[in-house]
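K.L.:
First to last, the protein sequences are chains A and B. FYI, this note's numbering numbers position 39 of the first sequence as 239, with every residue one higher than the one before it. FYI, this note's numbering numbers position 116 of the second sequence as 316, with every residue one higher than the one before it.
These are calculated hints, taken from the structure and not from any lab test. Everything numeric in this text was worked out from a predicted model, so none of it was measured. It is possible that some hints are incorrect.
Identical copies go unnamed one by one, so any copy, or any two together, can satisfy a pair.
Stated by the list, open to error - Computed list of lysine to any residue pairs in SDA-like fashion (alpha-carbon distance at most 25 Å, straight line): (1) 344 / 275; (2) 366 / 329; (3) 389 / 343; (4) 415 / 332.
Protein chains: 2
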Amino acid sequence: MTKKLFLPPATTVDVVIFTIEGNDLKILLIRRENEPFRRQWALPGGFLFKNETAEQASYRVLHKKAGARVSYLEQLYTFDSPFRDPRGHVLTIAYMALVSHKNLNFTKRKELQNPTFYSVKKIPKLAFDHRNILVYAIKRLRAKLEYTNVVLSLLPKLFTFNQLQKTYEIILNRKLDKRNFRKKFMLLKLIRPTLKILKGERQRPARLYQFISRKSAELKKFF
Amino acid sequence: MTKKLFLPPATTVDVVIFTIEGNDLKILLIRRENEPFRRQWALPGGFLFKNETAEQASYRVLHKKAGARVSYLEQLYTFDSPFRDPRGHVLTIAYMALVSHKNLNFTKRKELQNPTFYSVKKIPKLAFDHRNILVYAIKRLRAKLEYTNVVLSLLPKLFTFNQLQKTYEIILNRKLDKRNFRKKFMLLKLIRPTLKILKGERQRPARLYQFISRKSAELKKFF
DNA sequence: CCAAAAGTGTTGACTGTACACCCATGT
DNA sequence: ACATGGGTGTACAGTCAACACTTTTGG
Numbered sequence: 201m202t203k204k205l206f207l208p209p210a211t212t213v214d215v216v217i218f219t220i221e222g223n224d225l226k227i228l229l230i231r232r233e234n235e236p237f238r239r240q241w242a243l244p245g246g247f248l249f250k251n252e253t254a255e256q257a258s259y260r261v262l263h264k265k266a267g268a269r270v271s272y273l274e275q276l277y278t279f280d281s282p283f284r285d286p287r288g289h290v291l292t293i294a295y296m297a298l299v300s301h302k303n304l305n306f307t308k309r310k311e312l313q314n315p316t317f318y319s320v321k322k323i324p325k326l327a328f329d330h331r332n333i334l335v336y337a338i339k340r341l342r343a344k345l346e347y348t349n350v351v352l353s354l355l356p357k358l359f360t361f362n363q364l365q366k367t368y369e370i371i372l373n374r375k376l377d378k379r380n381f382r383k384k385f386m387l388l389k390l391i392r393p394t395l396k397i398l399k400g401e402r403q404r405p406a407r408l409y410q411f412i413s414r415k416s417a418e419l420k421k422f423f
Numbered sequence: 201m202t203k204k205l206f207l208p209p210a211t212t213v214d215v216v217i218f219t220i221e222g223n224d225l226k227i228l229l230i231r232r233e234n235e236p237f238r239r240q241w242a243l244p245g246g247f248l249f250k251n252e253t254a255e256q257a258s259y260r261v262l263h264k265k266a267g268a269r270v271s272y273l274e275q276l277y278t279f280d281s282p283f284r285d286p287r288g289h290v291l292t293i294a295y296m297a298l299v300s301h302k303n304l305n306f307t308k309r310k311e312l313q314n315p316t317f318y319s320v321k322k323i324p325k326l327a328f329d330h331r332n333i334l335v336y337a338i339k340r341l342r343a344k345l346e347y348t349n350v351v352l353s354l355l356p357k358l359f360t361f362n363q364l365q366k367t368y369e370i371i372l373n374r375k376l377d378k379r380n381f382r383k384k385f386m387l388l389k390l391i392r393p394t395l396k397i398l399k400g401e402r403q404r405p406a407r408l409y410q411f412i413s414r415k416s417a418e419l420k421k422f423f
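Produce the complete structure using the sequences and hints provided.
P.N.:
Okay, structure coming up:
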């Protein structure tokens, strides 16, 4: 076995960018232009610049690939198998980002590797070990929903109870009881009703709510 | 700002090695022999060898520094501030390891940087950002206790209910009710009584239990 | 008037917590 | 005999899950 110190693996970041669109949880994928895995779909990512933190690199990737104003970014896990990249030993620090669909300033530009949101239910074959990263990210997101207030990063500032509940249902992939959901969520004291009413839909108007604080919070008990 | 691709940070691993000894949760520290932070206490760690995974490097470090047969190893988080190491940009992938005190083959050898177990209540000043890593590790360990069966890695094969409960109490740093603890733990169906009895102490002999499976398990509800 | 989502309480099951005494052994 | 941890059950409180109907608007 060849052992040699100070020959570090190359370091990249890859970012799983989640958003809710329609009735789906979606992630952003780009189409690779270069080898390896040319023309395959992949998570947006890239090599670390000199003296750049992985978090800074993630923001850079997000901005460049998705034009997204991110409201939440979290490190997930470092994937470091020496065989995950055919070019050699390249480790990646995986992040997940949450973006309210309203905050996306997103143009599907061919010259930018054709960034496209895919429903997590219909993910194409991905380059590298990106499917593993995605699976890990979804698991983390589901877990975080249940004991933190991360959901606020996927919602607009003002939202109806129905939107809130839908977001939970879409991510957890199961129906929740309307009355129990409202009761529990109100007890958490995370959101408050505003005086505003959402009219103009073809049903009874709904009260709009907002988060009391937009700081991240961990809760003892939740769902 | 100087930006340059393909100039990766150096990569290390650092391992928080937990064990229970006496009535304390302890971690292994070594005394640095070289600069930077010469003669300060630090977590055992080291640079990745060529084509070595971080997990392999962690096992190597464990074996060399602690002579420990590790029953549990888990990646925690990657710390990557460019300023955490005065020599330059060195990122570290932090791991935590759990070792049953019985499995330690541990000699406090001066020539091996004087490895010493310290109670987490009395940690000296640590090199680099190792205190942050330790704080993170303790938080993760406490969380994992409550929804997995990791505790098995800190116990001998056969143990009394009292040892089991003590282990929880020491790590969570609070007293638990004896009757409720026994009731809940038995309902989990993780352990079974053996026919063996621990005699020779100066009290009523205690039944010895064992884990039904030593594979890691996640539980819906726990503590 | 019809369709669609908004909004609202009660009950029974279950889970968690608090709490005190006798037992078997070694010294 | 006494000190030490071993071992056991009950009752109350709090939380969770199941469940259906009326309201308000737009079309």
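K.L.:
Confirm or reject each hint.
P.N.:
Now for the hints, and whether the structure bears them out:
| no. | hint | result |
| --- | --- | --- |
| 1 | 344 / 275 | both (13 Å within a copy, 18 Å between copies) |
| 2 | 366 / 329 | neither (30 Å within a copy, 41 Å between copies) |
| 3 | 389 / 343 | both (20 Å within a copy, 24 Å between copies) |
| 4 | 415 / 332 | between (30 Å within a copy, 22 Å between copies) |
Of the hints listed earlier, the one the structure fails to meet is number 2.
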